[in-house]
Structure formats: structure tokens, C-alpha cells
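Chemist: The chain contents come next:
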Amino acid sequence: MLFYVFSIIAIYSALMVILSRNPLTSALYLVLCFFAIAGFYVILDMEFLAAMQVLVYAGAIMVLVVLVIMLLNLANAKNIPKDFHQMFIAVISFILLFFEIFLYAIKGSGKVPTGIYTTAFIKTIGNTQIIGEFLFTKYIFPFEVASILLLIAIIGAFIFARRKF
Amino acid sequence: MDTKDLLVWSIPFFPMLGAILLGVFGKYLKNYAGYIGSISIVISFLFSVALFITVASTHGFTAILYPWIYASTFKTNISTYIDRLSVIMLVMVTGVSALVHIYSIGYMKGDKGFARYFSYMNLFVFSMIMLVLANNFLLLYVFWEAVGFCSYILIGFWYEKKSASDAAKKAFIVNRVGDFGFGLGVMLIFVSTGTLNYTSVFGMMPSLPGYLVTIIALLLFAGAVGKSAQFPLHIWLPDAMEGPTPVSSLIHAATMVTAGVYLVARCHVIFSYSPFASHVVAYIGGFTAFLAAFIALTQYDIKRIIAYSTISQLGYMFMAVGIGSYAAGIFHLISHAVFKGLLFLTAGSVMHAMSGELDLRKMGKLYSKMKITAVTFIVGALALSGIPPFSGFFSKDAILADTFNKGYYILWIMGEVTAFMTAFYIFRIIFRVFFGESHVDPSVHVHESSKVMTIPMIILASLAAVVGFIGIPPFDHSLFYLFLHRDFQNSFVFSPFVNYYPWFLLSSISVLAGALGIYTAYLFYIKQAFDTEKIKRIFKPVYELSFNKVYIDEIYDQLIVTPLKNFSVYLWRVVDTFVIDGAVNGLAQGFASFSGRVRRVQNGMVMSYALTLMIGVIALLAYYFIK
Amino acid sequence: MGLFLKYILSILIFFPLVSGIFLFFINKENERLLRNLATFLSLVEFIISIFLFVYFKSSAYEFQFVEKFRWIKTFGATYYLGIDGVSLFLILLTTLLSFISLLSSYKYVKVHVKEFVILMLALETFMIGTFAALDILLFYLFWEFMLIPMYFIIGIWGSARKIYSAVKFILYTLAGSLIMLFGLIVIFILHYDQTGSFTFNILKLYHTHIPLGLQIILFIAIFIGFAVKVPVFPFHTWLADAHTEAPTAGSVILAGVLLKFGIYGFFRFAIPLMPEATLILTPFILVLAVIGIIYGALVSMVQKDLKRLVAFSSISHMGFIMLGLFAMTAISVDGSILQLINHGISTGALFLFVGMLYERRHTRLISDFGGIAKKVPILAALFMITVLSSIGLPGLNGFVGEFLILVGSFKQYTVFTVIATSGVIFAAVYLLWMFQRVMFQNITNSKNEQFKDMDLREIVTIIPLIFLMLYIGLYPTPFLSRIDPTVTHFVNMINHHKYAYNLIKAKIGLFNA
Amino acid sequence: MDINAYLIVAGILFSIGGLGVLIRKNLIVVFMSLELMFNAANLGFVAVSGYLNLISGDIFVIFVMVVAAAEAAIALGIAIAFYREKGTINIDKANELKW
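Protein chains in written order, with the working numbering: chain B, 67 to 231; chain E, 198 to 824; chain X, 133 to 645; chain U, 96 to 194.
For the record, the hints were derived by calculation from the structure and aren't laboratory data.
Every residue gets a Cβ at the ideal spot worked out from N, C-alpha and C, and that includes glycine.
Hints should not be assumed to be uniformly reliable.
[Unchecked claim] Restricting the straight-line Cα-Cα distance to at most 30 Å, the calculated cross-link-like pairs of lysine-lysine (DSS-like) are:
1. K306(E) x K507(X)
2. K227(E) x K543(X)
3. K543(X) x K358(E)
4. K507(X) x K224(E)
5. K189(X) x K272(E)
6. K543(X) x K359(E)
7. K543(X) x K309(E)
8. K272(E) x K543(X)
9. K224(E) x K543(X)
10. K358(E) x K189(X)
11. K359(E) x K246(X)
12. K584(X) x K309(E)
13. K579(X) x K309(E)
14. K173(B) x K359(E)
15. K309(E) x K189(X)
16. K306(E) x K506(X)
17. K359(E) x K584(X)
18. K737(E) x K584(X)
19. K506(X) x K224(E)
20. K359(E) x K189(X)
21. K189(X) x K367(E)
22. K177(B) x K367(E)
23. K543(X) x K603(E)
24. K367(E) x K336(X)
[Stated by the list, open to error] Label-pair ranges, simulated between beta-carbon atoms:
25. Y607(X) x L702(E): 30 to 40 Å
26. D750(E) x R164(X): 28 to 38 Å
27. T206(X) x K177(B): 50 to 60 Å
28. T206(X) x E210(B): 45 to 55 Å
29. A816(E) x E210(B): 34 to 44 Å
30. A789(E) x K181(U): 39 to 49 Å
31. A780(E) x L497(X): 47 to 57 Å
32. D585(X) x F788(E): 15 to 25 Å
33. G813(E) x E210(B): 52 to 62 Å
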């Protein structure tokens with residue numbers, strides 16, 4: 067039941083993201099959408115990810131977006147012409163795309179559960195611990211790389227945002 | 198290498214050494230260049246005489262210097278073949294060369310290219326010696342071309358003159374046309390016999406099919422036609438007179454141009470097994486003799502007249518070797534070398550005295566001013582006209598008697614008519630240059646040449662007077678015939694004697710023809726018995742034909758040179774630039790315009806790129822789904 | 133010494149490249165040092181290559197100085213080097229001409245000296261590598277690398293239409309070599325299908341059995357690749373432009389070495405890989421070769437530009453070489469290979485002389501010269517020898533090669549040979565006519581009054597070539613004795629296939645003559 | 096809930112995001128649509144991971160978040176630079192990537 071509620075919220079807010087004219091409205095709907103997705107994570111027993119979703123996406127990234135919108139004063143940037151030709155093809159192709167995804171989804175891969183991390187097992191340890199354990203053992207190298215990536219992103223953002231190149 | 202070999206190799210060695218020394222250090226040698234050049238030839242001449250004596254008493258032999266080209270089954274050496282024919286040629290070549298070199302010291306005095314001249318001349322003598330000595334066809338071909346090259350650089354010696362460099366180029370290219378045939382002949386010999394050695398090739402001739410022998414012989418003869426300036430490749434020789442006169446004397450009268458005759462005589466085995474080819478040789482010779490004499494009748498340039506005379510006399514020689522009278526041909530070659538060399542040297546002396554003037558119309562009455570030159574010239578002219586007891590009489594009559602007795606009557610008649618014309622044109626020179634009225638430009642100081650020039654002339658004149666006696670008729674009992682004929686024994690007799698008229702009967706006819714020619718010239722130019730202008734008008738077509746050299750140069754120009762040039766320009770401008778390059782560039786432009794259209798797809802709009810990408814993703818997914 | 137000889141080919145290949153990298157660290161302002169050092173290093177390279185000549189066993193046809201290392205194991209590519217009598221001389225020619233062309237560019241190349249010498253040295257590496265490689269992939273790698281420096285040499289230091297020529301050169305050759313690559317890969321895959329192992333080793337690929345129909349298609353593909361390089365008649369238009377616009381050094385290397393790759397490719401790859409197709413297509417190739425001889429000569433005759441004239445004469449000469457190679461007798465192939473060397477020497481020297489004339493007068497039009505022999509006796513004399521060598525005057529190198537080609541081809545292809553021989557006449561016509569108009573007659577253009585004769589550097593540049601012209605002309609044995617075993621082996625290998633070829637001929641009734 | 100339901104929802108979100116990328120011209124909105132697509136993919140990861148009793152999908156989501164964060168920083172930096180350069184954030188003005 068909860069699933070359907072979240073689904074409706076997510077899809078509705080996603081539609082509003084791309085349909086509303088005001089970027090600020092879009093941003094707020096997007097936050098809503100992220101919350102809905104966080105809800106999915108909770109249903110799927112991944113509370114840690116849900117928390118991360120809210121913190122990183124809804125919190126950090128969207129704040130940044132809103133900040134930029136404010137900074138560039140884009141709230142009323144409405145006079146952008148539309149390209150109906152492009153829109154038409156895009157809509158058609160995305161109906162097709164969705165159709166394909168749908169087909170893949172119902173067809174399934176025929177795989178059966180093989181892992182040992184059943185819901186019950188995760189619950190005995192706690193999902194945060196498991197993720198943490200993995201991150202610092204098996205995925206330590208990607209983890210470190212990710213940190214470097216972030217560092218680079220910081221530098222990159224700084225360079226791009228500087229007034230003069 | 199034993200002493201005999203050493204003797205052989207020292208003959209070409211000295212001229213070669215001289216050529217290199219003079220070529221490299223010529224600048225520093227100044228006047229000594231002439232002495233070095235001459236001495237090297239004289240030494241070579243002495244060695245030749247020594248070799249002559251050696252060979253006269255023994256059989257011929259082969260001397261190998263080193264292996265030259267060894268490629269798979271193709272093997273040739275740098276090696277020589279010495280027999281009586283080659284030593285006779287050798288003595289003649291080195292002897293005349295030595296005299297001409299000495300003469301040149303005087304003639305070329307003060308020329309800027311003095312050392313260069315002697316270097317070239319020594320190189321020529323070296324090449325000519327090697328040509329005579331070669332023991333295989335490839336080496337012969339090599340030096341065949343080498344003498345052609347020396348002739349090229351010597352004709353073009355005064356290269357500042359356009360006419361000289363043109364003449365040089367013409368000589369080389371016309372010779373190349375002949376050598377084209379010669380080269381093919383050499384290849385055909387190798388292909389059909391598997392070797393290029395004279396003795397092995399000649400040994401295999403009887404076993405080859407007749408048509409092959411004929412083709413080989415004709416191809417070789419093509420080379421001879423080019424080098425010996427026979428019709429239809431004779432056009433280069435008159436132009437070659439642009440070179441210094443001693444060059445004309447040595448190369449274009451005595452030695453190089455006779456190489457063709459030497460070639461036929463050397464390859465007499467091949468030619469004798471192909472009567473057809475031999476007859477081609479004989480008739481071309483006869484026709485050339487007549488044609489050249491006919492042209493010589495009306496020319497005004499002394500050297501050109503003598504050049505046509507050379508062509509004509511070479512025609513006699515080919516006539517002789519073409520009917521199988523090889524010894525007679527060689528005999529005429531030797532005596533012609535002497536008297537024609539002499540004529541050129543004296544012509545050079547006249548030219549020297551007249552400050553380079555060669556036009557008959559601007560001379561006259563020179564006899565009193567240059568007696569030695571005049572007398573020696575007259576000796577040469579008498580020899581050329583076949584008046585006894587000068588050498589030309591013996592040698593020419595040996596040929597004419599054989600033509601008649603072997604039944605070639607047409608050739609004989611042509612020969613006799615030519616003899617008449619020969620006597621006429623050569624005495625035309627004498628009467629107009631040395632006698633008659635003087636038309637000399639008064640500003641020219643006419644003088645006798647220096648001793649260094651006259652002495653070689655005198656030596657040659659005395660030789661021209663006496664050398665004939667080695668062939669006292671009847672020719673086949675003469676000293677010369679008996680000496681040489683051993684070398685020609687292995688040839689196939691295709692033209693037996695059909696008549697046995699005694700020699701004096703035939704000789705008297707030719708002497709008569711010669712005397713008649715002289716008398717006609719006398720009537721024309723001394724007595725002035727006829728109005729020459731009137732005769733010119735009456736025989737206008739004939740006169741024009743003779744005066745314009747039968748238009749052969751013009752015919753070649755219209756028929757070959759100009760069309761070829763136009764065709765080449767067509768190939769370049771149309772085929773190369775337009776068709777091929779056009780196709781290539783057209784292809785490139787086609788691609789460019791096609792890409793020009795295609796690149797419009799890339800419009801720079803990020804969104805449309807993204808759309809395309811999405812469509813690609815959809816297509817891929819669809820593909821995997823269907824698969 | 134032993135180690136040196138063992139790896140001499142690698143040393144030869146990479147020495148110039150290493151030298152080039154070394155020169156990279158020298159200040160580009162110091163042009164004198166750069167030039168001298170580059171010339172010196174290329175001289176060292178040449179001296180190293182002499183060891184090849186000395187230690188080459190002349191009686192054997194097998195590959196010598198072989199080096200073999202694993203390179204890319206997955207698809208059987210190896211670093212496999214080795215030379216036989218043919219590649220030996222081509223490598224020697226390369227090292228000599230590289231040295232000479234560096235020495236010749238002291239005056240001609242005035243800008244970007246550093247880049248020029250480095251590119252020249254790199255080019256040398258790639259050229260030697262191409263000749264020494266016995267692995268198709270390695271060969272192809274060097275083959276394509278070679279285009280890069282040449283492209284820049286033409287494009288940067290060329291004259292008027294340099295960009296057009298450079299692009300034309302690279303597109304032409306690239307198109308050809310890509311078609312060739314296709315053919316080589318097909319053979320590679322066929323070999324895999326037949327033996328189950330990947331290899332690029334040329335000696336193993338020789339044994340690939342290719343069905344006849346496919347063989348003909350592949351041969352045509354590979355033929356086009358090499359024919360562009362040679363160049364054979366309809367593929368020649370890049371040559372005139374590239375030769376004309378390239379700087380002297382570029383022209384020398386182009387004519388002296390790059391054109392040889394086509395013939396070398398035929399000899400090493402196309403013919404042994406597809407012998408039956410070769411034998412079937414020989415008449416057509418010979419027709420092209422003979423057309424090339426006559427066409428090149430005729431077009432050359434009417435050129436107004438000296439360099440263009442020499443370039444077209446190259447087409448004519450390469451026609452002779454094609455004729456000799458495809459006539460496929462031991463004598464004619466011997467002659468062809470010798471003529472390869474001769475052509476490199478004489479045409480290289482011709483380009484050097486044209487370059488010298490250009491440096492003095494800054495024009496290449498024949499009509500701008502005339503009468504300069506008087507001013508420059510040394511230049512005239514040496515130029516004359518070179519011209520004569522190119523004409524094929526006996527006693528000089530050109531004659532030996534040309535004669536062997538013709539005499540070898542004569543028996544089987546008489547008509548072609550006769551036509552080809554007439555090309556010898558035309559050679560005399562166009563070269564002597566050119567020489568006359570440039571050197572002889574009176575000085576008509578007052579600018580020619582100030583002509584300077586050759587200086588010491590120029591004489592040193594030319595003398596090795598002149599020496600070789602005389603040496604090969606008078607005593608070709610050291611050359612022929614090393615070439616001959618290889619060639620004999622090659623011809624025997626082809627004749628081995630004649631049997632199969634004759635069967636095919638009988639079956640399809642082709643060329644019943 | 097059945098795994099398919101999650102995947103279909105993820106698919107819908109992904110499609111909507113992609114549509115947004117293609118039809119909107121506002122650089123910021125395009126960026127937000129991209130984030131939406133990321134999230135759709137994340138949802139898929141988590142759902143499948145849970146279904147297969149694995150943990151790697153979840154770990155991957157964390158990395159995706161890292162990348163998204165980094166991307167956000169850079170992308171917004173670019174957006175500012177772009178706006179400064181062109182005076183607008185109409186994405187059609189970024190049309191120099193051609194020919």
C-alpha cells in the first residue's frame with residue numbers, strides 16, 4: 067500500500083519537474099521526488115540509503131541547485147522558445163523507451179536469489195554496519211578513488227565558477 | 198697475366214691514364230696538356246705495333262682482365278680478343294689518333310678548353326681501342342656507346358654555340374636509335390645462344406634457324422647504320438662538323454664511323470649465314486654511297502662536303518662487306534682512314550688560315566699562300582677520286598671489281614656513278630679553294646699553318662700515296678688480303694664469283710669515271726665553260742633536291758619529331774593532368790562535397806545530439822530484446 | 133663485437149630514433165650544432181650499416197642477422213627482423229641517402245632546423261625498419277609510420293603548392309596501403325583457418341594455401357597498395373607533385389628510398405604470397421609497366437620544370453624495374469634489384485643537382501638557365517656523369533641493371549622488351565635535351581652570370597654517389613654476388629608454382645599463347 | 096512488493112527524466128532531469144539488490160551518489176560559467192560543438 071503511495075508521489079512530482087515553467091518549482095518538486103524515492107528505500111529495508119538519499123540529494127545537491135537558481139536569478143527565465151519538432155521526436159522515443167523497459171522488467175532475467183544477505187540477515191546486523199564493512203574492506207579502493215573524485219570536483223567547480231578563466 | 202696480356206692491356210691503359218690525368222688536373226697543366234695527351238697515344242701506338250708484330254707471327258688469343266657481370270646464367274668478362282683484324286684496326290686507330298693529336302696541339306692552341314679537349318680525345322681513343330679489342334658483344338656494345346658519348350662531348354666541345362650543342366645532341370640520339378637495334382641484337386644473341394663470346398657465338402651460328410640469324414644480323418646492322426651514318430640514319434654526321442676539325446678527322450672520318458664496318462666484318466660469320474641480311478647491308482651501302490655523293494655535289498661548306506664524302510665512302514665499305522668481300526672492305530677502311538683523315542686535317546688547316554671560314558664561295562686562289570696544305574689536300578683528293586697510284590684507287594677498285602665479278606651489276610653501276618660524282622665534288626673544292634679567282638675577305642690574313650700541324654699532314658699524305666701498295670691488284674693475291682683472309686675463312690660463302698674479268702679492265706673504267714669527274718669540275722670552275730646559273734635553273738628540281746639534302750631532315754622533323762612532341766604535350770596536359778589527376782582530384786572533391794552534406798547532421802545543438810544518443814539506446818535495447 | 137653483430141639490425145633501426153630524441157634536448161637556436169650533429173649521427177649510422185655489408189654471407193639465400201622476440205602474443209605478432217641480399221642493399225641505400233640528404237640541406241632548409249633533422253632521423257628509422265621487418269604487422273607499422281615524417285617534410289619545407297602535394301601524397305599512399313592491409317589481414321585469417329595458429333611471420337604465411345579466385349582479388353588489393361608506392365602507370369600522379377614540391381632532401385629520400393618500397397613489397401610479400409595470381413596477372417602488369425616506361429619518358433620530355441622532369445623520368449625507370457621483376461627470370465630480377473639501387477643513386481643525385489641549381493637561382497624552370505657550364509665546370513661535369521648514368525650509358529651503373537632486365541625479359545616477353553628498349557632512346561632525348569638547355573649554349577639570362585661553382589660540402593655530398601655510379605658500372609660483382617642467391621631462390625620458389633599455374637591455365641583456357 | 100513493480104516505477108522515472116533532458120531548454124532543469132535519471136537507476140539497483148539478497152547494488156548506489164555530488168558541483172559551475180559567457184542558460188546557445 068505504502069508502495070503505491072510513494073509511486074504516485076514520485077511519478078507525479080517527476081512529471082511536475084519537467085513540466086513546470088519555473089525552475090524553482092521544478093527544484094522543489096524534485097526534492098519531493100527524492101523524498102519519495104527515500105521512502106522506497108525504507109520499504110526495501112535500506113534505511114541507511116534512505117538517509118543518504120535525503121542528506122545528499124535532497125539536502126546537499128538540491129540546495130546547491132536552488133542556490134544557483136537564486137544566484138543567476140532564473141526564477142522568471144520563461145522566455146525560452148520551444149522546439150516542437152524535437153519535443154515530438156523525444157516524446158515518441160521515450161514512450162518507446164519506457165515500453166522497452168517495461169518489457170524487460172516483466173520478462174525478467176530468470177535469476178533467482180543467490181546472495182546470503184537476506185532481509186532477515188541484514189536486520190540482525192543492521193544495514194549501516196554491513197555497508198560500512200563492505201566499504202572499508204572489499205570496496206576500499208573505489209572508496210578512496212571516490213574521495214579523490216570529490217576533491218577533483220571541488221577544484222573543478224572552483225575553477226569553473228571563477229570569474230575569469 | 199703473361200707478357201702478351203700485359204702488352205694488350207697497356208694499349209688502352211695509357212690513353213685512359215691520360216684522360217684521367219688531363220680531366221682531373223687539366224687546369225694546372227696548361228700547355229703541357231697537349232704533350233701529355235699526344236705522348237700517351239704515341240706510346241699506345243708503339244705498343245700496338247709491337248702487338249701487330251706478335252700477332253702477325255702467331256695465332257689470335259684472348260686476354261681476360263676481370264669478371265664483369267655475373268648474374269645467374271649471364272656471365273661476361275672484361276676481356277679482349279686479338280686476331281689479325283683487331284691488330285690492323287688497332288694500328289690504324291692509334292696511328293691516325295697519334296697524328297691527329299699532334300696536329301691538335303697546333304690547331305687547338307690558345308683554346309680555353311685545351312686540356313679538356315685532350316682529355317676527351319684520350320678518352321675517345323681509349324674507348325675506340327677497347328671497342329676493337331672486345332671479345333664479347335656486351336663489351337663491344339659498351340664501348341660502342343662510349344665512343345658515341347665521346348663523339349657527343351667532342352661535337353659539343355664549343356657548347357656555347359647552339360648549333361654545336363644541337364648537333365651533339367642529334368648525334369647522340371640518332372646513334373641511340375641505331376644502338377636500340379644493336380642492343381636488341383645483343384639480347385637476341387644471348388637468348389638464342391646463351392653466351393656473348395665471339396668465338397662461342399660464331400661457333401653456334403650454323404646450328405641456328407635461318408630467320409633468327411637474319412634477325413640478329415639485321416639488328417646488329419641497325420647499330421652499324423647508326424654509328425657509320427648510313428641511310429636512313431646518316432643525318433647526324435654532316436651536323437657533327439660543328440666540332441673541332443681534328444675531331445671530325447679522327448672520329449667522324451677515320452675511326453668511330455668505321456666501327457660499323459668493323460662490326461660487320463667482325464660478325465662476318467653471322468652475316469654470311471644470312472645472305473638476305475648481307476644483301477641488305479650491300480644495297481643500303483650502295484644507295485648511301487650514291488645519295489651522299491649526290492648531296493655533296495651542291496654543298497658550299499667544305500667540311501660538310503667532306504662529311505658527305507665520308508658517308509659515301511662508308512657506303513662503299515658496306516657494299517664490300519655486304520657482298521662478302523670482307524678483306525676489301527677493311528682495306529678500303531684503312532686507306533679511307535688515311536686519306537679522309539688527311540682531307541679533314543687539311544680542311545682544318547684552311548679553316549685555321551681563314552679564321553674559321555668554311556664557305557666555298559668566300560675562298561679561292563689559296564694555292565700560292567699555303568702550298569703544303571694545297572699539295573697535301575690534292576694528294577688526298579686524288580686518293581679519294583681513285584686515281585692511281587694513290588691508295589684510294591687500289592681499295593676502291595678492289596671493291597668495285599668484286600661487285601662486278603660477283604654479279605652485283607646494279608651496285609657496280611651505282612659505284613661507278615658515285616666515283617664520278619666523288620671526283621667532281623672533291624675537285625670542285627680544290628678548284629674553288631686553291632685556284633680560280635680570290636673571293637677572300639681582304640681583312641683575313643691567310644697564312645700557312647705551323648709545323649706541328651703540317652708535319653702530320655705530310656705524313657698522312659705520304660701514307661695516302663703509298664699505303665695502297667699493300668693491296669696491289671689482283672687483290673686476292675695481295676699482301677693485305679693474304680694477311681687478313683685467315684680471319685675470314687670460317688665464313689659461309691654465299692656470293693661466289695660469277696665473272697672473272699681481269700682487274701685492269703674494270704679499273705680502267707673507274708679511273709675513267711674519276712678522271713671524267715675531275716675534268717668536269719675543271720670545265721666548270723677553271724674554264725668556266727658553262728654558265729652555272731643556267732644549269733642550276735635547268736636542273737632546278739634536281740639541284741634543289743641535292744642542295745636541301747633530299748629533305749631528309751625535314752621529313753624526319755615533320756614525320757617523327759613534331760608529332761612526337763605534340764603527342765607528349767597531349768599526354769602531359771590531357772592524359773596526365775586532366776584525365777588521371779582529374780579523376781584523383783575529382784574523387785577527392787566528390788568525397789569533400791558528400792561530407793559537406795553529411796556534416797550538416799552535426800548541427801552543434803547539444804539536445805539533438807542527446808536525442809540521437811537516446812534513439813541509439815532504444816535501438817540497441819530493441820535489438821537485444823529481439824535477439 | 134659478437135653482441136653488436138647479433139643485434140645489429142635493432143641497433144640500425146633505433147639508432148637514428150634515439151639520436152633524434154637526443155637532439156630533442158638541444159636548444160633550437162643552435163642550428164649549426166643541430167645540423168652538424170645530425171649529419172654526423174647519420175654518418176655513424178651509415179658506418180654501422182657497412183658492417184652489414186662486410187659480415188653478410190654472400191652465398192646464402194637465407195635471412196641473416198635474424199632477431200626474433202615475442203611482441204603481441206595474443207595474435208602471434210613477433211618482433212622479427214632479418215635481411216637477405218635484397219634488403220641488405222636497400223638498407224645500405226637508405227643509410228647512405230639519409231646521410232647525403234641531411235648533408236645536402238645545409239642551405240636549403242633555413243627554418244625549423246631542429247624539427248627537420250629530427251624528422252629526417254625518425255624517417256630513417258622507419259625506413260630501415262620496413263626493410264628489415266619479417267613480420268607483416270611490424271612491416272605494416274613501419275610502413276605507415278614512414279608517411280608521417282614525409283608528410284611533414286613536404287608540408288613544412290616544401291615549395292609553392294606544398295600543402296596540396298603533401299595531402300595528395302599521404303592520401304594516395306594511405307588509400308593504397310589500407311587496401312593492402314585488407315589483403316594482408318585476409319591472408320592472416322586464412323592461415324589461421326588452415327593451421328589453427330595466429331602468426332604474422334611472413335615465412336610461415338608463404339605456405340598459406342589461398343583459393344585461386346580469392347588469390348586474384350587479394351593480389352589486386354595488395355598490388356594497388358604497392359603500385360601506388362612504385363608508382364605504376366595510372367597511380368603515379370602523386371609522385372610528380374610530391375617530388376616537385378618537396379625540399380631537396382625530401383625528393384632524394386622519396387625517389388631514392390620510398391619508391392623502392394613498392395618493388396620491395398612485391399618482392400617480399402605480394403609475389404611469394406600469391407604466386408599463381410601473379411603468374412596469371414603478369415601480362416597485365418607488364419602492360420602497365422611498359423606503358424609507364426614510354427609514358428614517363430614522353431611526358432618527361434615536354435616538362436618545363438626541372439624537378440618535374442626528373443620525377444617523370446622516375447616513372448619511366450620504375451617501369452623498367454617492374455618489367456624485370458615480373459618477367460621473373462633470375463637474370464631480369466637480378467637486374468631489377470640492381471636497378472633499384474642504381475635508380476636510388478642516380479635519381480637521388482639528379483635531385484641533388486636540381487636542388488643545387490635551385491639554391492643558386494631560386495627557380496626550377498629550365499628556360500631560366502642556359503649556358504652555365506662555363507661558370508660551373510665542376511658542377512657541369514658531375515651533373516653530366518649523373519645524367520649519363522640515368523640515361524644508362526654503358527660503363528655507368530644504369531646500364532648494367534637495365535641491360536640485365538632487358539636481356540632477362542627478352543625471351544619470354546619479346547614484344548614488351550622491344551618496346552621497353554625504345555624507352556632507352558627517349559631517356560637520352562629528354563635528359564640530354566634538358567642538359568643542353570640548362571648547361572650549354574650561351575648565357576641568355578644575366579642572372580646566371582653570377583653562378584657559383586660547387587663548394588666543398590656539395591662535392592662531398594655528391595662524390596659518394598658518383599663513385600658508386602662508376603663502381604657499379606665497372607665492377608658490379610660485389611653487388612650481384614650478394615643479390616644473386618636470394619634472387620635465384622626467389623625465382624625457384626615461383627617456378628615451383630608454375631606447375632599449378634599451368635594446370636590452371638589448361639583448365640580455364642587462359643592465354644593459350 | 097514484486098520486483099517488477101519497482102523496476103517499472105524506476106523505468107517510468109527514468110523515462111520522465113530522459114524526456115526532461117530532451118525537451119527542456121533550461122540548463123538547470125536539464126540538470127535536474129539528469130539527477131532524476133540517476134535516482135531512477137539507483138532505485139533499480141536497490142530493488143534488484145534486495146531481490147537477489149546481495150549488498151553490492153547498495154554499495155553501488157553510494158558511489159553513484161558520490162559521482163552525482165561531484166557532477167552537481169561541476170555542472171553547476173559550468174552553468175554559472177555558461178551564463179556568464181552567454182547571458183542566458185538556454186541550452187540551444189551551446190551550439191559550437193559542430194563541424
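Chemist: Need the list of violated hint numbers for this structure, in ascending order.
Modeler: 2, 3, 6, 7, 9, 10, 11, 14, 15, 18, 20, 21, 22, 23, 24, 25, 26, 27, 28, 30, 31, 32 and 33
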